[in-house]
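*Asks:* Chains A and B supply the protein sequences, listed in that same order.
Here numbering that gives the first Met the number 0 is used: the first residue of the first sequence is 0, the next is one more, and so on.
Here numbering that gives the first Met the number 0 is used: the first residue of the second sequence is 0, the next is one more, and so on.
Be aware that one or more of the hints could be misleading.
[As the list claims (entries may be wrong)] Below, a list of computed lysine to any residue pairs in the SDA-like style, where the Cα atoms sit at most 20 Å apart:
id	chain 1	residue 1	chain 2	residue 2
1	B	K54	A	E91
2	A	K154	B	E92
3	B	K25	A	E91
4	B	K70	A	S99
5	B	K54	B	F104
Simulated from the structure, these hints should not be mistaken for laboratory data.
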Amino acid sequence: MSLALIVLASAITNNIALTYFLGMCPFIAISKSLRGAAGMGLAVTVVVVITTTVNYFAYRFVLVPLRLEFLAFVVFIMSIAGIVQMLEILVERYFPSLYSIFGIFLPLITVNCVILAVSLFMVLREYTFWGTVAYSFGSGLGWMIAITAMAGLRKHLAFSSPVKNLGDAGITIVLAGLMALAFLGFQGMLA
Amino acid sequence: MTAFVIPLVVMNGIAVIIFALIMLLKTFVASYGSCQLVVNGSKTFTVQGGTYLNKALFENKVYLPSACGGKGTCGFCKVQVTEGIPDPLPVEEILINYKDIRQGFRLSCQTKLRSDISIEIPEELLSIREYRGVIRSSDYVTRDIKRIGIHIDEPKDGLDFKSGQYLMFKVGEGETRGYSIASTERRQDEVQIEVKLIPNGLGSSYLHSLAEGDELTFFGPYGQFYLRDTSHKVICVAGGVGLAPMKPIIFETLLKYPDRDVELYYGVRTFEDLYDHDMFLRLQANHPRFHYFPTLEKLEETVASTYAFTQGFVNKTLAANLTDGDKSEAYLCGPPLMINSSIKELVEKGVPEIRILYDKF
Ligand SMILES: Cc1cc2nc3c(=O)[nH]c(=O)nc-3n(C[C@H](O)[C@H](O)[C@H](O)COP(=O)(O)OP(=O)(O)OC[C@H]3O[C@@H](n4cnc5c(N)ncnc54)[C@H](O)[C@@H]3O)c2cc1C
Ligand code: FES
Numbered sequence: 000m001s002l003a004l005i006v007l008a009s010a011i012t013n014n015i016a017l018t019y020f021l022g023m024c025p026f027i028a029i030s031k032s033l034r035g036a037a038g039m040g041l042a043v044t045v046v047v048v049i050t051t052t053v054n055y056f057a058y059r060f061v062l063v064p065l066r067l068e069f070l071a072f073v074v075f076i077m078s079i080a081g082i083v084q085m086l087e088i089l090v091e092r093y094f095p096s097l098y099s100i101f102g103i104f105l106p107l108i109t110v111n112c113v114i115l116a117v118s119l120f121m122v123l124r125e126y127t128f129w130g131t132v133a134y135s136f137g138s139g140l141g142w143m144i145a146i147t148a149m150a151g152l153r154k155h156l157a158f159s160s161p162v163k164n165l166g167d168a169g170i171t172i173v174l175a176g177l178m179a180l181a182f183l184g185f186q187g188m189l190a
Numbered sequence: 000m001t002a003f004v005i006p007l008v009v010m011n012g013i014a015v016i017i018f019a020l021i022m023l024l025k026t027f028v029a030s031y032g033s034c035q036l037v038v039n040g041s042k043t044f045t046v047q048g049g050t051y052l053n054k055a056l057f058e059n060k061v062y063l064p065s066a067c068g069g070k071g072t073c074g075f076c077k078v079q080v081t082e083g084i085p086d087p088l089p090v091e092e093i094l095i096n097y098k099d100i101r102q103g104f105r106l107s108c109q110t111k112l113r114s115d116i117s118i119e120i121p122e123e124l125l126s127i128r129e130y131r132g133v134i135r136s137s138d139y140v141t142r143d144i145k146r147i148g149i150h151i152d153e154p155k156d157g158l159d160f161k162s163g164q165y166l167m168f169k170v171g172e173g174e175t176r177g178y179s180i181a182s183t184e185r186r187q188d189e190v191q192i193e194v195k196l197i198p199n200g201l202g203s204s205y206l207h208s209l210a211e212g213d214e215l216t217f218f219g220p221y222g223q224f225y226l227r228d229t230s231h232k233v234i235c236v237a238g239g240v241g242l243a244p245m246k247p248i249i250f251e252t253l254l255k256y257p258d259r260d261v262e263l264y265y266g267v268r269t270f271e272d273l274y275d276h277d278m279f280l281r282l283q284a285n286h287p288r289f290h291y292f293p294t295l296e297k298l299e300e301t302v303a304s305t306y307a308f309t310q311g312f313v314n315k316t317l318a319a320n321l322t323d324g325d326k327s328e329a330y331l332c333g334p335p336l337m338i339n340s341s342i343k344e345l346v347e348k349g350v351p352e353i354r355i356l357y358d359k360f
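For reference, chain A alone in the conformation it holds in the complex (with noise of 0.2 Å):
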């Protein structure tokens, strides 16, 4: 499969926010404004490419020759806590107007499913290493098009008068599935 082509497919048809629900409470908390939802977008963009990165090489020169492949989910969560924090703290120190971005959602990534998961998947789909970058960053890219296309459709929900009970975050998860199903329509694109 070419790059550009797991690129895309990470990102549209298999999105991982619509098609996996994955990373779910950021989706659904930080959607209220589009400037919060697309710091959060770049922040797990950013993250989830250095992570599956860092933990690529982890996984294949470090635990698949010594033949610990059991202590992936424990290495993969130490090394995405330990990435995050540095990340912190180089962004805030070097980039300030990144930081002022998406500087407050870097502590909140360390426990994002969708980080977690796409190094998981990794390796489970045995990509190489620049099939790895093209899947995070895909992957990363898909979450972030969800994100702030939900920050989108919720400021227009401002002006509607949905279902009293359904609240807010009701209605958000209906507007997340009829996303999904508008998603599927891209699964034969790519085939």
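Take the given structure of chain A and dock chain B with the ligands to it, following the hints.
*Replies:* Relative to chain A, chain B with the ligands alone:
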């Protein structure tokens, strides 16, 4: 044996590498040296970079108000940054309006000091001090409101406040909550507050748990909600424990201004939630300039009083009794809904909007 040792070594090795990297970054990258912090162009402090602005100010005895413990949710700690303005954070854009963001207003609990900075704060915040007191009395006045009397030990010259202002009480590590001063009698070394217990509330549970002799720390006095020195009629509108700041306002007006009338519109849910009712009735009997209008939301038949209460919401009583709106100024305190509906009524009665002051609880 090796099957056991190798995983252990690998796990620990990875953990140690990650840990070492973080520590390296923390020591060499995340150190910002010291920064100059200039307040109102007159006071200059040297503070450790990397700390938050509110902490840096606190350490230098500048006590900003806060009702959320620095979580960026109350907006009380807002300051204007004039030099070294940081980019606004998403939380700040929620709490501060666009115009103020452009003018450099930021939340001090969210502003990390990375370089020299100059800020402007209202001059009166510079005179806020830390007080230490001992509980003198703590009694229930309704089933969920306690009146707490505090003797001020430190500083020795006591507390000077304007009627209507509030104090911030330390209720936990880094957590403060505001409570209005409810003293009826003006004394430098004594202060009273009234606290309504909120289920699972950190601050109200803490204050309710204190007994006679217990010590506590507070800061103040804060607030733009205080009795103005004018000749207008004073309209007090209180809901529930919002009665607290009205007492200093009412008593000061009656004592200091022989020509100003005072009207108290006081709304509670049921008769059981009403307090200081007898005191206000006596006050009304003794002072022809004081008028008292209690309102009960629910009027049960078993009420143990012969007083003819009005039933409904405060704004209804306000509509029925208020005259001379254009010669009045209004002080409102209570739940947001009550305040909003009462403001509407006051405006309709001709009270100019700039003479309507309120504290929403
Ligand atoms: C200027 C000012 C003056 C004040 N003066 C007084 C006063 O004189 N007397 C007084 O009792 N309080 C007063 N308050 C309110 C007080 O500061 C606290 O907000 C209140 O006591 C709740 O704090 P807590 O720590 O107990 O609850 P928290 O731990 O902060 O909150 C616990 C939960 O209760 C909810 N909650 C908070 N407030 C209320 C409420 N009013 N009703 C229902 N649910 C609530 C919160 O959303 C939260 O879920 C004043 C507030 C301000 C801003
Ligand atoms: S917003 Fe509450 S202290 Fe800063």
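*Asks:* Next step is simple, just say for each hint if it's right about the structure.
*Replies:* To see whether the hints hold, each was checked on the structure:
no.	hint	result
1	B:K54 / A:E91	19 Å, holds
2	A:K154 / B:E92	16 Å, holds
3	B:K25 / A:E91	12 Å, holds
4	B:K70 / A:S99	16 Å, holds
5	B:K54 / B:F104	17 Å, holds
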